[in-house]
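S.K.: For the record, the sequence lines run as chains A and B.
Quick note on this note's numbering: the first sequence kicks off at 8 and runs consecutively.
Quick note on this note's numbering: the second sequence kicks off at 3 and runs consecutively.
Errors might be hidden in some of the hints.
Restraint-style ranges between C-beta atoms, simulated for each label pair [claimed, not checked]:
(1) B:R187 to A:A28: 35 to 41 Å
(2) A:A63 to B:R113: 43 to 49 Å
(3) A:R49 to B:R24: 43 to 49 Å
(4) B:G36 to A:R49: 42 to 48 Å
Some but not every residue of chain A turned toward chain B, in silico, with C-beta under 7 Å [what the hints assert, rightly or not]:
(5) P24
(6) Q25
(7) G43
(8) V46
(9) N75
(10) V77
Hints in this document: simulated from the structure, not taken from any laboratory.
Where a beta carbon is used, it is the ideal one built from N, C-alpha and C, also for glycine.
So you can see what is in the structure, the chains are spelled out below.
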Amino acid sequence: MPILVVDVMPKAELLDPQGKAVHGALSRLGHTAVSGVRVGKRFEITVDEVTDEVIADVTTVAGEILSNSVIEDVVSVREADAR
Amino acid sequence: MRIGVVTFPGSLDDRDAQRAVRFADAEPVALWHGDHDLAGVDAIVLPGGFSYGDYLRAGAIASVSPIMAEVIDAANRGTPVLGICNGFQMLTEAHLLPGGLIRNERGTFVRRDQTLRVENADTAWTNDFSAGDEIVIPLKNGEGGFIASDDDLDRLEGEGRVAFRYVGVNPNGSLRDIAGVTNERGNVVGLMPHPEHAIEPGFGPDTDAAMRSGVDGLRFFTSALRALQAV
């Protein structure tokens, strides 16, 4: 069954406390090349088939439910590569 | 007066909210998230807790539960609606209130007796205060950082829709120290701290007068009664 992947990230201009905490841990472990971390979400949505209509519906869901536009951006809605 | 308290899967403070309603001499009515029925209540409280384990985003799944259709209709008709903590998160997710709540700035869960300043004493849930009053009620959250765009924040301030501001300590990184906001009409109010935990002597925050004697939270509920009686 095909899978649509939705990527959601906290808005770039907002503080991401989760990413900041991960970055702090990496710094403590000596990964000095890492200068920043942001943590987002990936949704894998299984659909019966991929049509323009289905993509439109998932895109709507991504914007209205999977993300909150006040604090997050939908980065992409795409079909997963075949595995 | 009958004030409904909606219980969602993972609500924690629904019983406390019901008790607060009773202490304000109103009748609490238990409402269920899965029903499309408000049982004819005069006002609604969305209580604190961790509905759906904060999955997706805090309050996000609860905000699309069956009863929320009726809650949104009622709010738009002017029924007083109070969202406390997780309930505030639901109200922002349901777009009844502006802004959003994100993880606390320092990444840790915070529990403290919190001083707030009442900025707007004209709402359905604050009219028993005076603007500028400082009150102390418990705060306990992990995702209480209030954020909105600068334009939205300016608009909220300009329209007097900041209901409460943190005083002394900003516990969670909320922008402009905002602890609670109201809608344009003033019938919908949401805040992160918990008025329902400061309603009975012996169980509230400490005050200068005596340990655990703080009952500032009770006036949220008496405010709703005053608002309903004024209609």
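S.K.: Against this structure, judge whether each hint is valid.
M.R.: Quick rundown of the hints versus the structure:
| no. | hint | result |
| --- | --- | --- |
| 1 | B:R187 to A:A28: 35 to 41 Å | 39 Å, holds |
| 2 | A:A63 to B:R113: 43 to 49 Å | 44 Å, holds |
| 3 | A:R49 to B:R24: 43 to 49 Å | 46 Å, holds |
| 4 | B:G36 to A:R49: 42 to 48 Å | 29 Å, violated |
| 5 | P24 | 4 Å, holds |
| 6 | Q25 | 6 Å, holds |
| 7 | G43 | 16 Å, violated |
| 8 | V46 | 10 Å, violated |
| 9 | N75 | 6 Å, holds |
| 10 | V77 | 4 Å, holds |
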